[in-house]
Structures are given as structure tokens and as C-alpha cells.
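Residue numbers are given in the numbering used here: position 4 of the sequence shown equals residue 303, and the series is strictly consecutive.
Incorrect hints may appear among the rest.
Quick list of in silico lysine-lysine cross-link-like pairs, DSSO-like style, CA-CA up to 30 Å [said to hold, decoys possible]: (1) Lys-442 <-> Lys-371; (2) Lys-442 <-> Lys-415; (3) Lys-415 <-> Lys-557; (4) Lys-442 <-> Lys-503; (5) Lys-371 <-> Lys-505.
Derived by calculation from the structure, the hints in this document are not laboratory data.
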Amino acid sequence: GHDQDTEIAVVYPRSGPEGSGSDRSPFVNVDTTTVAGIDRAQRMGFADSGLAQAIVTPFIYEANNLFTSTAKGRIFTVFRHPIDRAISLFYYIQVADWEPTYSPELVNWSLEDYAKSPLIENNWMTRQLSNTLEGDLNDDHLKIAMEVIRRKFLVGLMTEIERTMERFERYFRWTYHVNPPNQEACRVRLLQGGSNTNASGNKKDKPQEGSEAYELLRLQNMYDLQLYEYIESLFEEQDEFVQDIPADFRNIDATCCKCYPATFPPEGFTCPLAILN
Numbered sequence: 300g301h302d303q304d305t306e307i308a309v310v311y312p313r314s315g316p317e318g319s320g321s322d323r324s325p326f327v328n329v330d331t332t333t334v335a336g337i338d339r340a341q342r343m344g345f346a347d348s349g350l351a352q353a354i355v356t357p358f359i360y361e362a363n364n365l366f367t368s369t370a371k372g373r374i375f376t377v378f379r380h381p382i383d384r385a386i387s388l389f390y391y392i393q394v395a396d397w398e399p400t401y402s403p404e405l406v407n408w409s410l411e412d413y414a415k416s417p418l419i420e421n422n423w424m425t426r427q428l429s430n431t432l433e434g435d436l437n438d439d440h441l442k443i444a445m446e447v448i449r450r451k452f453l454v455g456l457m458t459e460i461e462r463t464m465e466r467f468e469r470y471f472r473w474t475y476h477v478n479p480p481n482q483e484a485c486r487v488r489l490l491q492g493g494s495n496t497n498a499s500g501n502k503k504d505k506p507q508e509g510s511e512a513y514e515l516l517r518l519q520n521m522y523d524l525q526l527y528e529y530i531e532s533l534f535e536e537q538d539e540f541v542q543d544i545p546a547d548f549r550n551i552d553a554t555c556c557k558c559y560p561a562t563f564p565p566e567g568f569t570c571p572l573a574i575l576n
């Protein structure tokens, strides 16, 4: 690992079988998925280094400390309907024996059992966005969560994943620089199915609205359901952010560092390294 590195830098961790010839993706040598990692990244001058185009973290309040007046950020994420999220999480923890919190007895639970248990999450989105992880919630917490989203987030929707991806590309001016035809094909595969799609035919049915399971989940997500309605409306409003940017921006001025001869953007680009050993 690179947790003992003393200087901020781009690294190329191996991501495939040795000798496969597949490309290594570049990363910055910090871990923003933990609070300690965020603190370390801040001390190392992560934001002002300009080495990363995006970070991934569940800690939005702590990650705010990473940025400076000369290196600001904008949060973007894809939201999922709270009931769908709760159902998916239940079926995940039933089989995720690789997780440290895995409990074998969950295999025999019903969705109703889960919704009645202490394991069920309560208004997860509202708590995260209002920074209120414990205790009771009220309308003020919902208002805080809505305001945080309005001021800080470029929102996407799982139910509108194609429009979401296109909006992110246009807003952040993302273009292809490695191999545009291959990257476009990869994009299509991910948006139409993705690496996490349930291809085994074991997809679970969603409980009907008004059923016991649905109502139990709804009671645990009263604020999140209101928040999600607001996010849906904001998604439509934010279309104005990219009105003047072409829909296929990802292909405009695209370059191909894997082609022969290779082409590069004026600002320069480091081509991903192949895994050879």
C-alpha cells in the first residue's frame, strides 16, 4: 500500500491478472474512504496538488476540509429510491459473508423480519446529509438535508442513469483520452447492465405498496421519501446547468493515447500503464 508515503503522488496499483496486458488506472496515494485517510490527505495538500479529478467518500462533512479557496469541489452522486435501497441492502447483507458484520442467521430472515429489527436503517440519507447519525429527527433535519443538496450537489438518479451520466460528462467537461471507441463501448455496457447487475436470474421482487413489508420500510424512511421527492424535482431543474453544452461532449475534441499515432489534448495526458508483470 501507499499509506506510509510522505508526498502526494499518482500511483498505478495493479488491477488485473499479471501478464494480462490490461491497463492500470491512475490513483492518488490517499484513502478518502476513511476519516483518518481524509485527515492525512489534507495534511499532504491533496486538493491543491491538482492530481485528482474526483474523490470517492461517504464522509461529505469531513471531506469538506480537503478543499481550499484555490481548489474547490462540487459533490455529485446518484440517488436511489429509499425503499429500493433498503430492500437491496437487506438482500446484500443476507449473502455478504465477506463483510465483518455478516450474521449467518440473516439467511432465513424475511424482509418483514429485517424491517422490524434493529438492523434496519432509519432515514439514512437525511441523517447523512444533516450530519445527525443518532437520535431523533424532525422537520429541521429534513430542511438541512434539502439545503445541503440544493447548494452543494449535482444530483443524479438511478432511474435516469443515462441522463445522469450524460449530465455529469457535460457539467465536468469529461472527454475521452485513452481509446474513444473502446471507452464508448465500455460506457454502453455499464449503463445497460453494469458489473453489479443481477445476471443470475435471482432478482428479488419489490413488495407492493400497502403490503406489510412496504409499510414497515416506509415508516423507517419517512423523511428520506420526502427528500427523494425533492431530489427528483431538483434533477429536472439542474438540467439548466448544461443547456449550452453539447449532449455528446465526451466525444468533442477527444484524443486517443492508445492509437497509432497517439494523440493528446493540449493540456497533456498520462496514458494508463499496461500490467505486464
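Quiz prompt | Hints that the structure is at odds with (numbers, increasing) | solution = 3, 4 and 5
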